[in-house]
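If you use this note's numbering, the sequence shown corresponds to residues 1 to 147, in order.
Restricting the straight-line Cα-Cα distance to at most 30 Å, the calculated cross-link-like pairs of lysine-lysine (DSSO-like) are:
| id | residue 1 | residue 2 |
| --- | --- | --- |
| 1 | K27 | K45 |
| 2 | K27 | K58 |
| 3 | K45 | K58 |
| 4 | K45 | K116 |
Please keep in mind that the hints were generated in silico from the structure rather than gathered at the bench.
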Amino acid sequence: MKRWCTLVLCGLAAVATAAEFPEEDPKPFAEARVILQLSDADERKQNLVLDVANNLIKHYGGPDMIDIEIIAFAQGIELLFADSPRSERVDSLVVSGVRFVACMNTVDTLERVTGKRPVLTEHAIPVQTGVAHIVQRAGEGYTLVRP
Numbered sequence: 001m002k003r004w005c006t007l008v009l010c011g012l013a014a015v016a017t018a019a020e021f022p023e024e025d026p027k028p029f030a031e032a033r034v035i036l037q038l039s040d041a042d043e044r045k046q047n048l049v050l051d052v053a054n055n056l057i058k059h060y061g062g063p064d065m066i067d068i069e070i071i072a073f074a075q076g077i078e079l080l081f082a083d084s085p086r087s088e089r090v091d092s093l094v095v096s097g098v099r100f101v102a103c104m105n106t107v108d109t110l111e112r113v114t115g116k117r118p119v120l121t122e123h124a125i126p127v128q129t130g131v132a133h134i135v136q137r138a139g140e141g142y143t144l145v146r147p
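Whole structure, please, built from the sequences with the hints as guidance.
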């Protein structure tokens with residue numbers, strides 16, 4: 001019985017992960033895999049992260065040649081607010097295959113502190129712990145860049 005419960009829990013964890021990242025390898029021809037970390041609310045820093053993503057796509061010759069995730073946590077989560085002033089730039093990068101990952105620990109903390117849960121862009125891919133996601137991706141061969 002204990003073994004069965006463990007298998008069920010492992011299966012549920014795999015399903016939860018698949019729901020967050022539905023494709024096994026979304027960019028099989030990518031020459032590089034990069035995580036851009038954003039943990040600052042500063043407008044210049046947010047613009048810089050978006051600029052770096054655009055520059056990487058250009059450098060590698062198009063969106064199919066580079067796999068980019070932008071992970072937002074702490075104050076950086078503001079980039080992924082539905083009413084962010086940079087939402088058009090986020091939309092544009094999503095069209096180019098950039099994934100935007102949101103730390104739900106940060107969202108939960110904001111809700112606890114302010115009494116209001118922030119509304120995130122529809123493009124935000126939720127993960128429970130942003131830093132743990134970075135560690136996981138680093139183990140999968142992604143390069144972490146903190147512009």
